[in-house]
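As you go down the protein sequences, you meet chains W and X in turn. According to this note's numbering, the first sequence is numbered sequentially starting from 1. According to this note's numbering, the second sequence is numbered sequentially starting from 1001.
Be careful, since some hints might not be right.
[What the hints assert, rightly or not] Below, simulated DMTMM-like cross-link-like pairs (lysine to aspartate or glutamate); rule was C-alpha separation at most 25 Å, straight line:
1) K16/W to E1118/X
2) K87/W to E1090/X
3) K87/W to D1176/X
4) K16/W to D1114/X
5) K16/W to D1130/X
6) K16/W to E1127/X
7) K1223/X to D1176/X
8) K16/W to D1055/X
9) K88/W to E1090/X
10) K87/W to D1055/X
11) K88/W to D1167/X
Just so you know, the hints here were simulated from the structure itself, not pulled from any lab data.
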Amino acid sequence: MTALAYGVSDTLVLAKRSLLRIRRQPDLLVSFTVQPILFVLLFVYVFGGAIQTPGFDYVDFLMPGIIVQSICFGGFVTALGLSDDLKKGLMDRFRSLPMTRSALLTGRTLGDVVTNTFQLVVMFTVGFLVGFNFSSSVGEVIAGIALVLLIGYAFSWVFAFIGLMASSPEAANAYGFTILFPLTFVSSAFVPVASMPSWLQPIAEHNPFTYMVNAARALFLGTPAGNDVWLALAWTLGIIVVFAPLAAWRYRRVVAR
Amino acid sequence: MPAAVETNRLHKSYGDVQALRGIDLHVETGSVFGLLGPNGAGKTTAVRILTTLLDPDDGSARVAGFDVVRDAAEVRRHIGLAGQYAAVDENLTGFENLQMVGRLYHLGHGLSRDRARELLASFDLSEAGDRLVRTYSGGMRRRLDLAAALVARPPVLFLDEPTTGLDIRSRIGLWDAIEALVSEGTTVLLTTQYLDEADRLADRIAVIDQGLVIAEGTPDDLKDQVGGERLEIHLCDDDRGQEAVAALTSIASDRPFLEDGTVRVPVAERRGTIANAVRRLDEAGIAIDDIAVSTPTLDDVFLTLTGHAAEQEEKEQEAEVAAG
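Turn these sequences into a full structure, and let the hints guide you.
Right under this line is the structure:
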């Protein structure tokens, strides 16, 4: 076998391990199912009445935003998992094996794509039940789903880096949420940017997260996209290009605790 | 036959702390080599360098004939690593753990399965093989960890404090397993802070302290360095220890001394020693509670070589950590 074939096989072996963990620790599943469902219901029924979204039903406005947000957090399993591997000394075992060195990272992030897909199915199902509908072509919907999964994949690399930097799984979790929560809320995900105070608007408008949400909205609802899809794609690929090498660099140097 | 492990002036520092200050080791193929020392002596750092987890700052090392920095990938194909952390995945079954490691050694699907079953059987884990590891006891985890290190039948095995924290029965079980491996020709380098463990398992021992090898040899060589046998006497009245020391000086090969209320008398000749000592103490009117001849242990070796006991340093370190 070639090095590439070994790399693919090692990645698949470790992606499977990552997914088995979720089956064995069902409480992790809560964050992929119950949590997003609660968010949709809270926003639609609690905040929805108070938020004006000119030109949209709130549920249509909300769903692309909440989907992009949930998918970004999907990668936290990678941060938790890597941090746990460090704490338990498993990292030493993996690094002493003749496997492809980056496979632990590519395996985990690939595992995230599977859980994110599952999460997407749950979210769309709930969305349809509370009145969400696609209003664009099939091709655009498929492109939108692909873009959302790619965004999730990019953030898995951010979480991989966080997991390898943090001193414990709990700290990894805290870092992830502290960094991502403001980023996702100061955006067009839940409210129109125009409703924010004027000093905050430029920040929200240029937040990469806003481009991603606007792109998802354009692809799912058929709204005018402008440059949003391309900007979202550029940011997503940019995040992968920066964070994948950073995580790989950290992995090579990291010392078990 | 080339050495299984050969190091040349290995240096490694973490900031201001010099973990290794020039370590030279030579481990013959097929032998068991014990790296003995207290916590923080540099044992784990040495193993981490030899297993390619860490690059040395200076010096070089070869394992199974390959340079640990230049040919790291080749080294990884020839080694197994097991240690104090029992690095197994709690959310997988024992079988899944071993199979996964087999796949990552690129043994292929079928061979990985067969090897996993075989190892579970030989480590007495067949029945538990399909249970999640988080339900395993400490001893079972260590056995699985050792099994994982053996999946690819590596010619050189590194065991980093394999029995630290285990109860005595699990320790003996693990020792038996290690001895069985050695009889099949595997070279083992083990680190330990247990002197009895090194004594039982190792053909040769290097004693390391503060990043330096301070003694090397067979367990018997090291014991000889400390001197011969010793009389150990417990008195009925602890207060008369100094009197006993004075009474026994003439039959000792070296100065007798008091330690933890026990009178210790180095002697050159075992025969007749007890009778001799009893007579002298009797003449001095000192009553004996218990008397025995003891052979030196590696604890004595450590005390002689470093001027402090292995256990004691560990306690001091813990105290430092606790004091922050």
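Against the structure, the hints:
no., hint, verdict
1, K16/W to E1118/X, "holds, 23 Å"
2, K87/W to E1090/X, "holds, 12 Å"
3, K87/W to D1176/X, "violated, 29 Å"
4, K16/W to D1114/X, "holds, 19 Å"
5, K16/W to D1130/X, "holds, 17 Å"
6, K16/W to E1127/X, "holds, 24 Å"
7, K1223/X to D1176/X, "holds, 24 Å"
8, K16/W to D1055/X, "violated, 31 Å"
9, K88/W to E1090/X, "holds, 9 Å"
10, K87/W to D1055/X, "holds, 21 Å"
11, K88/W to D1167/X, "holds, 20 Å"
Of the numbered hints given earlier, the model fails hints 3, 8; all others are met.
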